Amino acid sequence: MHRLTKLLLTTSLVAFAGLSAYAEKVLRLDEVAVGELDPAKASDYADTILMFNVYDTLVIPRQGGPGLVPHLAASWEGEGTSYTFKMRDDVQFQSGNPLRAEDVVFSFERMQTIAQGLSFLFVSVDSVEVVDGNSVKFTLAEPYAPFISSLVRLPIVDKKLVMENLGEGDGEMGDWGQAFLSSNGAGTGAYIVTSHNPQEETVMVKNPNYFLGIGEDAPDTVRLRYGLEAATVRTLMAQGEHDITSQWLPPEVMRALVEDGNQFLTEGGTGAFYFKLNTQKPPLDDVNCRMALANAFDYESVLKLIAITDEVSSGTGSTGAIPVGMFGSNPAGNEQQRDLDAASQNLADCAYDPNEFEIEITWIAEVPLEERLALLFQANLSEIGIKSTITKVPWALFSSSVNDPVNTPHVSQIFVTAVTGDPDTLLYGMYHSTKAGSWQSPEHLNDAEVDRLLDLGRTGASDEAREEAYSALNDRLLAIAPSIYGFDRQSVFVARPNINIPALTDPDYAFGLDTMGFAFRLMAIE
Amino acid sequence: MEHVFDLLIRRIWLSLLVLVGVSVLIFLIARVIPGDPARIALGPNATDEQVFKLRGELHLDEPIWKQYGYFARDLVHGDLGTSLYTNRPVVEDIIQFLPATLELVIAAGILMVLIGLPLGIISAKYEGRFLDNLIRVIALLGVSAPSFVWAVILMLLFAFFLPLFPIAGRIDTDYDIVRTTGFLLIDTLLMGNLEAFTNALWHLFLPAFALALSGIGQAARLTRANMTETYRKPYIEMADSYGFPKWRIARKYAFKPSLIPSLTIIGLDFAAMLGNAFLVEAIFAWPGLSRYGVAVILRKDLNAIIGTVLIISAAFLIANLVVDLLIAILNPRIRHGR
Chain A
1 MHRLTKLLLT
11 TSLVAFAGLS
21 AYAEKVLRLD
31 EVAVGELDPA
41 KASDYADTIL
51 MFNVYDTLVI
61 PRQGGPGLVP
71 HLAASWEGEG
81 TSYTFKMRDD
91 VQFQSGNPLR
101 AEDVVFSFER
111 MQTIAQGLSF
121 LFVSVDSVEV
131 VDGNSVKFTL
141 AEPYAPFISS
151 LVRLPIVDKK
161 LVMENLGEGD
171 GEMGDWGQAF
181 LSSNGAGTGA
191 YIVTSHNPQE
201 ETVMVKNPNY
211 FLGIGEDAPD
221 TVRLRYGLEA
231 ATVRTLMAQG
241 EHDITSQWLP
251 PEVMRALVED
261 GNQFLTEGGT
271 GAFYFKLNTQ
281 KPPLDDVNCR
291 MALANAFDYE
301 SVLKLIAITD
311 EVSSGTGSTG
321 AIPVGMFGSN
331 PAGNEQQRDL
341 DAASQNLADC
351 AYDPNEFEIE
361 ITWIAEVPLE
371 ERLALLFQAN
381 LSEIGIKSTI
391 TKVPWALFSS
401 SVNDPVNTPH
411 VSQIFVTAVT
421 GDPDTLLYGM
431 YHSTKAGSWQ
441 SPEHLNDAEV
451 DRLLDLGRTG
461 ASDEAREEAY
471 SALNDRLLAI
481 APSIYGFDRQ
491 SVFVARPNIN
501 IPALTDPDYA
511 FGLDTMGFAF
521 RLMAIE
Chain B
1 MEHVFDLLIR
11 RIWLSLLVLV
21 GVSVLIFLIA
31 RVIPGDPARI
41 ALGPNATDEQ
51 VFKLRGELHL
61 DEPIWKQYGY
71 FARDLVHGDL
81 GTSLYTNRPV
91 VEDIIQFLPA
101 TLELVIAAGI
111 LMVLIGLPLG
121 IISAKYEGRF
131 LDNLIRVIAL
141 LGVSAPSFVW
151 AVILMLLFAF
161 FLPLFPIAGR
171 IDTDYDIVRT
181 TGFLLIDTLL
191 MGNLEAFTNA
201 LWHLFLPAFA
211 LALSGIGQAA
221 RLTRANMTET
231 YRKPYIEMAD
241 SYGFPKWRIA
251 RKYAFKPSLI
261 PSLTIIGLDF
271 AAMLGNAFLV
281 EAIFAWPGLS
291 RYGVAVILRK
301 DLNAIIGTVL
311 IISAAFLIAN
321 LVVDLLIAIL
331 NPRIRHGR
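First to last, the protein sequences are chains A and B. Its first residue numbered 1, the first sequence is counted upward by one per residue in the working numbering. Its first residue numbered 1, the second sequence is counted upward by one per residue in the working numbering.
Pulled out of the complex, with its shape left as it was, chain A reads as follows (with noise of 0.2 angstroms):
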């Protein structure tokens, strides 16, 4: 009988010690809806994270520095108007169709079709083509040379198995299987989904064949959810529900989540927070004007407005117009300090009276930290004797109105990020003459200078001779202040304390892109 019951303890022990480890690893986290999963429309922060993890790219920024490295493409090489990558021959798709260069061809030429998401990234390509059975080249219509970084951002879906699926539509592709794709992941990524509702939560569980395997400690299963309200959140977290929460939270709420035992996790270094000036528009059409309003800004008041914790915070301090880590961004250390008796000076050099003009400021009324933000602009203002008022913007009526200089108001209150971690995506929209009057641009910037370093960003030869034009536009936008450059952004999640991502809590293993630390693989649950 003792012997008995030995046994039946021990096979327990055992039994109870095998379910422990084959435990599922379920990761559940939330983001604004709706989750777009159709990788060629993929644009807001939701999407992005399903298509870094169902989908796979050509290349991928380097963790932990600057510069890429091959993913799908096993190399490349190529400058100026032409780029040829050599595939892997050891991936396959999540269906179990081998990858080949042509499914490069056709999810190039798909998202061209369709011409939503981020496909304006490739407006420069001329043509995709298949070259020597397993290698792609592109050909460009004149140089450009963030095109690498840009691939960031070109998935690569199943070609066989989309046109399988293909919906009706106009010509011999119908729909280019967006009805399929909208509820279907085609790609070769970490991840596949197994139910997806846009406005609810997207189930996606490990891929066993991932050409880079994926560790034991990885979730095998995520759990994506939509739209979750701040209270809902809390109280899921609170309850062991919940294991990563949106940027999206209340600073207080956050907080108080730390306080109950979770970390913080953050990811930065691609956007940056602008009060643009509309420089078309009087007094701000001079330029003393202009400095003499960036050098009455405080900039250390505006770290305290966004602070969550003494150590943490939505943004760090700036440098000038490219946020610290990107090309041509001054190193941090140098942070803009406010300068009254500069500022002073600058209003007496203004060709106008500042007590002729009261300057419009206007916050997104979609962004309710905006207008904290500028009632310190204001009172920045009213220290140097400038009248001002603040205006409540709705996002659709400001970003139709920009587009004539009249219209558009003496400030405007933007966060910009650059979608590829290149400068040329965040600065170009914003500086060149050429992209005057658009939401990114609302200064109606009209600088011979800037255009051409601009233009020489997009085409120097090499990194160094990028980066050299980068921090020679950098000097040129502090020294012209077309925008008061705010703060470098930071995104803050909240995270229970056995989820360990590297990339979001280590600046070594970090990535210079925006949501690719979501990249679910590289998690581990302790």
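I should point out that these hints are in silico values taken from the structure, not numbers from a laboratory. Quick caveat: nothing in here was measured; it's all calculated off a predicted structure. Just so you know, not all the hints are guaranteed correct.
Said to hold, decoys possible - Lysine-lysine pairs mimicking DSSO-like chemistry, simulated, CA-CA at most 30 angstroms apart:
1. B:LYS233 x B:LYS125
2. B:LYS53 x A:LYS160
3. B:LYS256 x B:LYS233
4. A:LYS392 x A:LYS304
5. B:LYS53 x A:LYS137
6. A:LYS392 x A:LYS435
7. A:LYS435 x B:LYS53
Chain A is fixed; fit chain B onto it per the hints.
Then chain B, alone, in the frame of chain A:
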């Protein structure tokens, strides 16, 4: 009953006319909200060429009467277009989200009737006494705080401090439910899975109760007011003096006539909840049509706005129709056309 049938036919025709009117009105209103739908749909990084292409696909550059013509033609074929928010056919979205909201609203409606009316009756019966005062305070609390406040309070009390109820969603993720009707309570029963049914019911209770609280308060107050007034009528006094049993007086002579105004309000509340449930849906992560409706308005998703508003309007009209029929059945003067 012939009069009831005539009333029904007349109301159905009128409802169809109202729906056409609503479709024209919402079509025009959706187009005058500031902002370019194509620009909003494609996001801040879209180029002018992309926006131009989408505007063409949406016929936004054509005269508004022509645009309505396209819409009406597609509507007749059961096609409400594609949502710019979810990139799926609007009909598909409505089929996906409507059952969740209907399930929530029906549950809230049932709670409203089951709790609100008895509270009103008890309150009227014990008019001026402690129980009446207590019920009036509870009813006032229910009416005075919006449902989303109750949602947060209930979540804090019964999911956070006392973890008795689930926090989010319609059912635990462990259950694999075959979607037949979209109503989880029905689908789980169709599968014969009682455990999943109980789990779905457990998830439904807090959001439904939060949504119903205002209606419960309103129904209780209205029923009480009507019943106390009816109790003062001479025929009640006469029935009392004839020695009729109290319960019979309450049920047959006081409650029945007092029910008519309450029923009208409950019917309207029920339909209004379809549109008003969005904050409760947001707090309890309930994937319903109401939440979808608000999201599409913010994104100026023209097709989805019209689709959602038409569904909610139809629900209003159906609720009105049902209430009118019930009143006709309860009120002999209407039933017999007098």
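Status of each hint after checking the structure:
1. At most 30 angstroms may separate the alpha-carbon atoms for a hinted pair to count; LYS233 (chain B) and LYS125 (chain B) meet this at roughly 15 angstroms.
2. For the given pair, LYS53 (chain B) sits about 28 angstroms from LYS160 (chain A) by alpha-carbon distance, which is consistent with the 30 angstroms threshold.
3. Under the criterion of a C-alpha separation no larger than 30 angstroms, the hint pairing LYS256 (chain B) with LYS233 (chain B) is consistent with the structure, at around 14 angstroms.
4. Taken as a hint, the LYS392 (chain A) and LYS304 (chain A) pair is honoured in the structure, with Cα atoms around 23 angstroms apart against an allowance of 30 angstroms.
5. For the hint linking LYS53 (chain B) to LYS137 (chain A), the alpha-carbon distance of about 28 angstroms falls within 30 angstroms, and the restraint holds.
6. For the given pair, LYS392 (chain A) sits about 25 angstroms from LYS435 (chain A) by alpha-carbon distance, which is consistent with the 30 angstroms threshold.
7. For the proposed pair LYS435 (chain A) and LYS53 (chain B), the alpha carbon gap of about 19 angstroms is at most 30 angstroms, so the pair holds.
Of the numbered hints given earlier, the model fails none.
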